[in-house]
Amino acid sequence: MPTAPSNPHSQEASTTVQFRIWRGDSTGGAFQTYPVVVSEGMVVLDCVHRIQAEQANDLAVRWNCKAGKCGSCSAEINGQPKLMCMTRMETLPVGQPVTVEPLRSFPSIRDLVTDVSWNFRVKKKIKPFKPRKPDNADGSWTMMQEDVDRVQEFRKCIECFLCQDVCHVLRDHHKHDEFIGPRFLMYTAALEMHPLDTEDRIADLKNNDGIGYCNITKCCTKVCPEHIGITDNAIIPMKERVVDEFYDPMTRLFRMFKPKK
Amino acid sequence: MSFPDGFIVHEHDVLVIGAGGAGLRAAIEASGAGVTVGVICKSLLGKAHTVMAEGGMAAAMGNVDDRDNWEVHFADTMRGGQYLNNPIMAEHHAKESPDRVRELESWGAVFDRTKEGKILQRNFGGHRYPRLAHVGDRTGLELIRTLQDHGIHQGMEVFMEMTVVSLLKSGGRIAGVLGYDRERGRMHVWKAKAVILATGGIGKSFRITSNSWEGTGDGHSLAYHAGAELMDMEFVQFHPTGMVWPPSVRGILVTEGVRGEGGVLRNSEGKRFMFDDVPDAYRAQVATTEDEGWKYVCGDKNANRPPELLTRDHVARCINREIKAGRGSPHGGVFLDIAWIKEKIPNASAHIQRKLPSMYHQFKQLAGVDITTERMEVGPTTHYVMGGVAVDGDTQESCVPGLFAAGEVTAGLHGANRLGGNSLSDLVVFGKLAGEHAAKFAKANRAVEVDPAQINEHTQEIEKVFDRPTGENPFAIQYALQDAMQDLVGIVRTEKEMELALVKIEELKKRYKNVGITGHREYNPGWHTSIDLNCMLTVSESITRSALERKESRGAQFRDDYPDKSAECSTFNLLAKKAPDGTMEIRRRPVVAMRPDLKAIIEKMK
Chain R
1 MPTAPSNPHS QEASTTVQFR IWRGDSTGGA FQTYPVVVSE GMVVLDCVHR
51 IQAEQANDLA VRWNCKAGKC GSCSAEINGQ PKLMCMTRME TLPVGQPVTV
101 EPLRSFPSIR DLVTDVSWNF RVKKKIKPFK PRKPDNADGS WTMMQEDVDR
151 VQEFRKCIEC FLCQDVCHVL RDHHKHDEFI GPRFLMYTAA LEMHPLDTED
201 RIADLKNNDG IGYCNITKCC TKVCPEHIGI TDNAIIPMKE RVVDEFYDPM
251 TRLFRMFKPK K
Chain E
262 MSFPDGFIVH EHDVLVIGAG GAGLRAAIEA SGAGVTVGVI CKSLLGKAHT
312 VMAEGGMAAA MGNVDDRDNW EVHFADTMRG GQYLNNPIMA EHHAKESPDR
362 VRELESWGAV FDRTKEGKIL QRNFGGHRYP RLAHVGDRTG LELIRTLQDH
412 GIHQGMEVFM EMTVVSLLKS GGRIAGVLGY DRERGRMHVW KAKAVILATG
462 GIGKSFRITS NSWEGTGDGH SLAYHAGAEL MDMEFVQFHP TGMVWPPSVR
512 GILVTEGVRG EGGVLRNSEG KRFMFDDVPD AYRAQVATTE DEGWKYVCGD
562 KNANRPPELL TRDHVARCIN REIKAGRGSP HGGVFLDIAW IKEKIPNASA
612 HIQRKLPSMY HQFKQLAGVD ITTERMEVGP TTHYVMGGVA VDGDTQESCV
662 PGLFAAGEVT AGLHGANRLG GNSLSDLVVF GKLAGEHAAK FAKANRAVEV
712 DPAQINEHTQ EIEKVFDRPT GENPFAIQYA LQDAMQDLVG IVRTEKEMEL
762 ALVKIEELKK RYKNVGITGH REYNPGWHTS IDLNCMLTVS ESITRSALER
812 KESRGAQFRD DYPDKSAECS TFNLLAKKAP DGTMEIRRRP VVAMRPDLKA
862 IIEKMK
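So the protein lines, in turn, are chains R and E. Quick note: the first sequence uses my numbering, first residue 1, plus one each step. Quick note: the second sequence uses my numbering, first residue 262, plus one each step.
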């Protein structure tokens, strides 16, 4: 897809797009329509900012890096959970209004901003990293790249919480008290698979974190902007460890006589 | 003492403003010292601008080239800063950064590895040896997530999406801070024995910047208005490679890691123009042929670095020159080419995607460019401010008792120009020092009472915009300021243009007094921008006044009317301070003298 050389001073063809943006707060709200002049290369967040600067100074939107690295500007665009800063207008259907609404799995604060504090509380409850003693005198460890590849994949997570938003266990069944969601199942997997970690979180996954609620529909994987294999690489291996630990009598018996990790 | 109604009051021994790398590291250190700690973040926790850092963190561990050690790193940093750096800070930084990197690993960070299983280090501009510990091109994310995930278990209290409006003082000492929460627009008072500023940079004062909306210089401005000194504000780093197209992403950073991995810069004639202009101070360290440059990238210890890996100020000016001479790319940049390495290595496409995954996605998604087969278009972008709060090199305390600072908001380590990779190590080295000494201060001193009159005054100041619903649009003033700074105080500066910039800033200050807001207090971006504007105006004025006063070209400052370095100007740093009549005073202070043993290191490394 080479970029066609063009005169930077010529005004690219610009069109007017109708934006339907949800405005309101925890007591309720409605869609409001704003016409936006859209030019080449613009992303949805640019359009929202243009509305904010020109038509609605008080339109609430959460954003930060504008480069897909911080995971702040998560929203539902035409019903799909996406980062506003990484959704180019060219990728949306031409000539149709664009709908932007807040994440629906979390309580509304105002307009496009939701209260995601639940995620921060959940993370704090997961047992932290606990490394083995350093391998070397200078306090360092020896780890091979192939041993950390998988953990590095999980650590690409930008905590946009789109996976939490789309997960039906949270979105439709509101199991926030019993289920930590794909983000934190993967966070736990990253700790469990960390070559240096000595902590055991398998019982927590079964008893407190609700890993059993996940029925592998892979919706989380589909919406991940970092393309992390959340279901296949993180959740399923954790489910297997839970099964090994609690439901396989032979393995369990065998493990009783083996040192941990 | 009676307290005004309607304020939510908190109390901590140490209060940290900012939750990027420096703020979190400071908070961890202070918590570990056994004092109570609060952390205020402008965004959600873990979203601070540190997350954008790509290339890596510089630490002379010698994992890839065992000739590296803290002395070489110290000399590189001083040379990069054109000897205006505080040598004490450069010494702390070079000596302590390896321990800070290993400490991150002990907290769960997972850096890329060497074949022997050690932390891998990569080449970067101005560093003599491969020195940057990294994780692909998302090192900042690894740093902030590691500090965040470790920090939340250390007992600190975190306040998200809150903005500090002013520092409160009592009898000359820090007494606390006043701020508001974005969510509801309620006013908060934090009482504290010591305050650490870790608020990052000022990039939003310019139109083209790699900084996010948060980079409005809050800490710089808070410190200045509380009586602290701002040093080296004329030194603003323009990163040579930001995206230039499409317009909506103009300025977003393209990591120096692209060049570290072999990326080359070419003009519209296909020429590698960086070979044409190599400064004398670096001539002995730069490759003379393209082939030698490639060998360096591949780790040949006998080869010198390609000229694309010269310091950022120099590369930015060369790019600027090519564009102005009409040899630029279609959208007003130059070409950065990493795809060419397919001539040199097999599986180049997979290699690029593994080494530079964020860059691959950024260009693919935002510009429709596949960097494994096509050239990128890049141009300079406002990236970093070397200047900031003047602090003691050992303790990070400012001249206001109880007020500490760490990270980008601080001046001293980088002098006239920062080397890539020295920022992430700066955050953790000086975050730790600031946390340690703020905790000491809090233990040694009793709390002082906050003054309700100060609180009322500052609160009225930010609330009166609601009384002017038909006043000036804050976004319009912000855009005008960004245009003025970009066009008049940018990469190439002249006295005439900067005088004009000062006139414009004065006009904007007048317009600012008439800013008006519509709507409510809850998550109201117009209101927040009206508050940030005050900081941006203060910062812009300090940059412009300092740049005018420094009548030479050095490091990040290039003056068209004074194109050379001056011996006289090498002897002082510039300080901006608020005079009793409220105007900004600029004065000179002799550079911190170097100890003989440090001087000897500089001589040895020449």
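Source of the hints: derived by calculation from the structure; they are not laboratory data. Possibly wrong hints are sitting among the right ones.
Unchecked claim - Here are the simulated PhoX-like pairs of lysine-lysine, each with C-alpha atoms no more than 20 Å apart in a straight line:
1) E/379 to R/133
2) E/562 to E/605
3) R/156 to E/625
4) R/222 to E/625
5) E/605 to E/616
Going down the list of hints, with the structure as the test:
1. E/379 to R/133: holds (16 Å)
2. E/562 to E/605: Measuring from Cα to Cα gives roughly 18 Å; hence the hint holds.
3. R/156 to E/625: Holds, at roughly 18 Å.
4. R/222 to E/625: At roughly 18 Å apart (the allowed maximum being 20 Å), residue 625 of chain E and residue 222 of chain R satisfy the hint.
5. E/605 to E/616: holds (16 Å)
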